[in-house]
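K.L.:
Using the sequences and the hints given, assemble the complete structure.
These protein sequence lines are chains X and V, in that order. Here the first sequence is numbered in full-length UniProt numbering, starting from 1 and rising by one per residue. Here the second sequence is numbered in full-length UniProt numbering, starting from 1 and rising by one per residue.
If you're looking for bench data, these hints aren't it; they were derived computationally from the structure. Here the structure is a predicted model, which is why all the values come from computation and not from measurement.
All copies of an identical chain are treated as equivalent in the list; a pair is satisfied when it fits inside any one copy or across any two copies.
Derived lysine-lysine pairs resembling PhoX-like cross-links, with alpha carbons at most 20 angstroms apart:
no.: 1; residue 1: 210; residue 2: 101
no.: 2; residue 1: 133; residue 2: 18
no.: 3; residue 1: 150; residue 2: 170
no.: 4; residue 1: 210; residue 2: 150
Protein chains: 2
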Amino acid sequence: MEIKTIADIDIKLASVSKIKDVDFETLSFGNVFTDHMLVCDYENGVWKKPSIEPYAPFMIDPSAKVFHYGQAIFEGMKAYKDEQDDVWLFRPDQNYERFNKSAVRMAMPEVPEDVFMGGLKQLLEIEKDWVKKGKGSSLYIRPFMIATGKGVVAAPAVFYRFMIILSPAKSYYSGEVKVLIAEHFSRAANGGIGAAKAAGNYSAQFYPTKLANEKGYQQIIWTDDATHTKLEEAGTMNVFFRINDTLYTAPTSERILDGVTRKSLIDLAKRENINVEVRPVLVTELVEAAQNGTLQEIFGAGTAAVVNPIVGFEYQGTYYELPKLDQPVALALKEKLNNIQYKLEEDTFGWTVKI
Amino acid sequence: MEIKTIADIDIKLASVSKIKDVDFETLSFGNVFTDHMLVCDYENGVWKKPSIEPYAPFMIDPSAKVFHYGQAIFEGMKAYKDEQDDVWLFRPDQNYERFNKSAVRMAMPEVPEDVFMGGLKQLLEIEKDWVKKGKGSSLYIRPFMIATGKGVVAAPAVFYRFMIILSPAKSYYSGEVKVLIAEHFSRAANGGIGAAKAAGNYSAQFYPTKLANEKGYQQIIWTDDATHTKLEEAGTMNVFFRINDTLYTAPTSERILDGVTRKSLIDLAKRENINVEVRPVLVTELVEAAQNGTLQEIFGAGTAAVVNPIVGFEYQGTYYELPKLDQPVALALKEKLNNIQYKLEEDTFGWTVKI
Ligand SMILES: Cc1ncc(COP(=O)(O)O)c(C=O)c1O
Ligand SMILES: Cc1ncc(COP(=O)(O)O)c(C=O)c1O
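P.N.:
Following this line, the structure appears as structure tokens:
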């Protein structure tokens, strides 16, 4: 895959860079942004000329539909720098496709490939100093689209804004993660928008997650809302369970996001001759496995952390601690995936794309 | 109930009013706004001094959490003018309470009563010329709150903005409304945010509604997402079914908004000695009643239209036309409620509040 730059784009560079003020060692995730952003407006059926401009607040009407009806979608991806100072993306075609799937589900216009991918390439070329070398360092990429059209009437907008902002990230360490299995609250409905990266899916989880935090759990593993018997995914990660040397993960569905990390780990695990089964995983199976000692690992999979090992879970008032393994599969897979992403190992899958 | 104005508020009036440019006869709902808006910011746990200022776009950071995680809630209410030129609200305490319930569910700060109610009173005093006399005319009130706090990390913001904007509305006529009964898509999950007026709930409906529109249906009546057997509510209205001279409506739940119009109509209908049953209504019951001739009316109930009669519905590919009645209960109830709202009839319920 080769990304073409956009022929017709306005570029207005920042007069000074903020990069000197940034301490790349103490970055907290998602709070520092680079000098520039990509902006492209959609008006009455047409995408206008995109521009790269200094990162800055912008004006928006109080009646913009994003505020009232939540027409907003996003993607999350990363740029990595190799030892030769080249910048790489990991399966960006997957994020682009998913972005437009989310757009369709939220009745928003699809973003053309040259705006999304070409714009991203040009933005990254300008910001390449913000991509730091070294495993763990990366530049987090946040493409998003909001409804800027006005009016407090519940119908799709006719004006939209697509933007890409960039945030430098260092190695993600979340501490020990304990999770709560959802028994009452839910993340997504059958026939709902759970499979879209729609803004509203995330704020919907804040309150239940706050309650979980108060009980000492960092995250929730969501279950199906109808029966709360099937394990689905975490707030921003798909989940894997290793039981009796087999890796299990739920099939994606209308309720579950089709994570890029998830599907890459499945392929990697298969290549490593690890048994992988993609099928609904029941809460009762998990509890039983924890009780009879066959549960080996649980881990989340997502772009931010790649792999996030979970040390224990609570279900129906009982806490189940996972064994401490010397050689967890979670970390082995993370290492393999990172090696591909940072170009330290041959990319036999053809997942990496040079900027 | 008496509303107190806010002691400490900044008021900056617009130098000229736009009111002369507005044709109040041809207003389309939700597209014209008055001269002023109320703004109140929340920063690190504290609500700041509110202000009333000229209606205008404002600056916001591209990483504001409302754009990425959809932390946004709203209310919808109306101001009415009586024959003595006094301005009245209808059960504003219900909207205030519901707003703060939505805030809690979306992990947002609750808005103090003096900011919400007192601010609204002062704003309406300034904008009283925008409330036109005559049944059907009203000033639609849109209080809303958005997360202005920055950062692309999925967690509640620490900065928020509460605003009230106002939009003049004339008598709502939607034409003949045919509805589709949802068989696949859904509006809300068990344990989800359906009962909150959260922005994300509305955009989630746009795509299925677009598909319904293409089939000739203006709205969808949502069913429970787990089984699609129970009739729940429409996009911005609760729904009533009149079968064999009894009015049925679903009980409110985690999935269904507790509409002010719905509960007022229930009380009014009871006073008028109409049989009302609040209980789950099955799709099969509706179809059966349509088939055996006992289905008399279906109507939506919400602030915008008060009552919206439905002329027919489609379910599983079959269209069921409703009888054309000389004296529909829907319109009788609408008339009664309107008379209370416009102070044309005694308000024995104590629902109306003078500004
Ligand atoms: C709900 C949800 N599930 C799973 C994921 C993981 O997806 P990916 O691996 O593509 O980052 C994310 C994050 O993007 C997410 O938001
Ligand atoms: C989902 C939903 N249901 C029902 C209603 C009707 O509620 P109310 O009568 O309070 O306007 C609304 C509108 O506010 C709504 O958004």
